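Peer 1: Based on the hints, put chain B in the right spot on chain A.
Number of protein chains: 2
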Amino acid sequence: MRDQFVTLAHGGGGKAMRELIEEVFTSVFEPDLMEDQARLMDDALQEQGARLAFTTDSFVVDPVEFPGGDIGKIAVCGTVNDLAVGGARPLWLSAAFIIEEGTEIALLRRIVASMKAEADKAGVRIVTGDTKVVGRGSADKVFITTAGVGVIPAGRKLEAGLTHAGDVILVNGFLGDHGAAIMAARGDMALSTDLVSDCAGLGHLMEAVLAAAPDTRAARDATRGGVASVLNEIADTAGVSIEVEETDLPLRAEVRGVCEILGLDPLYLANEGTLVLVVPADQADAAIAAMKTLPEGANAKKIGTVGTGQAGRVTMRTLFGGARIVDMLVGEQLPRIC
Amino acid sequence: MRDQFVTLAHGGGGKAMRELIEEVFTSVFEPDLMEDQARLMDDALQEQGARLAFTTDSFVVDPVEFPGGDIGKIAVCGTVNDLAVGGARPLWLSAAFIIEEGTEIALLRRIVASMKAEADKAGVRIVTGDTKVVGRGSADKVFITTAGVGVIPAGRKLEAGLTHAGDVILVNGFLGDHGAAIMAARGDMALSTDLVSDCAGLGHLMEAVLAAAPDTRAARDATRGGVASVLNEIADTAGVSIEVEETDLPLRAEVRGVCEILGLDPLYLANEGTLVLVVPADQADAAIAAMKTLPEGANAKKIGTVGTGQAGRVTMRTLFGGARIVDMLVGEQLPRIC
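Residue numbers (full-length UniProt numbering), protein chains in the order written: chain A, 1 to 338; chain B, 1 to 338.
Worth flagging that the hints you see were computed from the coordinates, not collected in a lab. Treat the hints with care, since some could be wrong.
Copies of the same chain are indistinguishable here, so a pair counts whether it falls within one copy or spans any two.
To be verified - BS3-like, lysine-lysine: derived pairs with alpha carbons at most 30 Å apart:
1. 157 <-> 15
2. 15 <-> 302
3. 15 <-> 292
4. 292 <-> 116
5. 121 <-> 15
6. 15 <-> 301
7. 302 <-> 116
This one's a predicted model, so the numbers in the text were calculated from it and none came from an experiment.
So that you can see chain A by itself, here it is in the shape it has in the complex:
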């Protein structure tokens, strides 16, 4: 393929499109069939009581390449994580690309390579896809939409509604790295940091947690809206209160610094590899220990407890001993964060 840039012809359904798809996409993803749909089966899906999990996300992150990842890595991790936090073992992914005319083919190749690497790490296969090209100015470089299919083994039940007073809230590590890294990478702020996105697949971590803490109530991947929005959603759905300890929040000094300079609250910063778990108190230590055996969970810790206060209310005990309400995010903190 000698073209250096994507042209409208690459989206036209003819020879140029076939060449782009074969040379840039399917030669790397290696789907089983060259038909327009994948045909699949997995023994786990045919077991009595198993359920199929199905999820999708579009990714529009700007810039498309940033410290710690790129839009392709996020697109695979984000969908793998949505499946994993529902208790599913991720199996298959689809990947649909909307590409702006003029985008460099070399950029597409880097994105595709990073998707393949991340899919291999997560043990999933990218089995089907699509490519559309729009005129210059009708999209911004490349948008990716992934959908994922996984299998939830019989008997596994993770739901925010199962959260009880007395349960504890755990996270797998530092908060806000992704949001702060993207903000710094945009360059609008002239911030120079060594921050790297936390973008990571959480499938293996979830399996480790579920083995160690089988009564885990619910899990969430704290992306847009941050940990604050996830806790509000859980408190609201389960009709419980949640109290977070500010001193327990795992924050890197640099994230804290970015937040202080820009007047942001790290609880609302986006993450791309941050697991929030609700576990019964007596299984918390086991869950933390299990997470610490994996790199994605090296900094796992407890950050809060579930109580019987006002239903749906999330509060934070501050460093100074006071308490403040942690509401859902209103408005937006940073557009195109994922």
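Peer 2: Below, chain B alone, put in the same frame as chain A:
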């Protein structure tokens, strides 16, 4: 919801996003769970020998509303059709929206209503989704990516590679309506026609064909690149030649007119409800009769035959008795056709 236009806050992961999702999307699609992934099962998937079909497409059609449909209708039909032509019964769809800041909420509501209507008609459910908002000028109104999951019953096998010399090529009706309707709707050409897109779900039609012509070799939905590209792909994969009769091509007078004025070949015009079938000659009449029982197949007919000429070669016998090669589309005929 009092907002009239989509703002960046509607993509931020906070309250505004939740409101948009609940009021515009989930109140219509009514997924079973409000978790971020759907949890599903269907008896047919657990039958011995059944396979799961999985496909995705992004839709970027311009204009988003056109005679005979809109981007939402296309997004549902396109994915249903990809499943159906692979022999699958479509079950579940995901829908991910990339929305440009400033898009009218009323437009979104119309699109969502048309998706719901089309899903109901096809017997599929839209079970999970996503919403992203990008700044003005970073997308064009709304892009939709659907993924679909269906079940292929045991023993069903449709593959281009099964095509033999002696088989015949059938279509379900008029060619090129979608491409010609979009071209006229764009208004660039100052063409005024009554043309309407052929956009339609083909799931029920495929089931009727497979019941009547159980040895059907392969089926394709002739979208971008038109019938010409589909026939080239089949001829290439199966290593056969295909000969089409120009006199047999079902073309509306208006499509023929648009093509003459603009110097286009109707065989390359995009369709959104056009089924191309390869069936054994002795089951062709049964397949045509079965199609004619449904509105989507009212104009079904034979358009060509499979031969033993040069492998991969598609030719057309013209009105004047000559023959010309029908190659794959080179370049693009009309960007953002679907």
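Peer 1: The structure should be examined with respect to each hint, and the outcome stated for every one.
Peer 2: Evaluated hints:
Proximity of residue 157 and residue 15 under a CA criterion of 30 Å is satisfied inter-copy only: 27 Å between copies versus 48 Å inside one chain copy. Taking CA atoms no more than 30 Å apart as the test, residue 15 paired with residue 302 passes between copies only; the shortest distance there is 26 Å, against 55 Å inside one copy. Taking the shortest Cα distances, residue 15 and residue 292 never come within 30 Å of each other, neither inside one copy (50 Å) nor across copies (34 Å). In this homomeric assembly, residue 292 and residue 116 come within 30 Å of each other (Cα to Cα) only inside a single copy, at 26 Å, whereas the closest approach across copies is 45 Å.
For a Cα distance limit of 30 Å, the shortest separation of residue 121 from residue 15 qualifies neither inside one copy, at 33 Å, nor across copies, at 34 Å. Proximity of residue 15 to residue 301 under the C-alpha cut-off of 30 Å is restricted to the inter-copy arrangement: shortest distance 28 Å between copies versus 54 Å within a copy. In this assembly of identical chains, the alpha carbons of residue 302 and residue 116 never lie at most 30 Å apart, being 33 Å within a copy and 43 Å across copies at closest.
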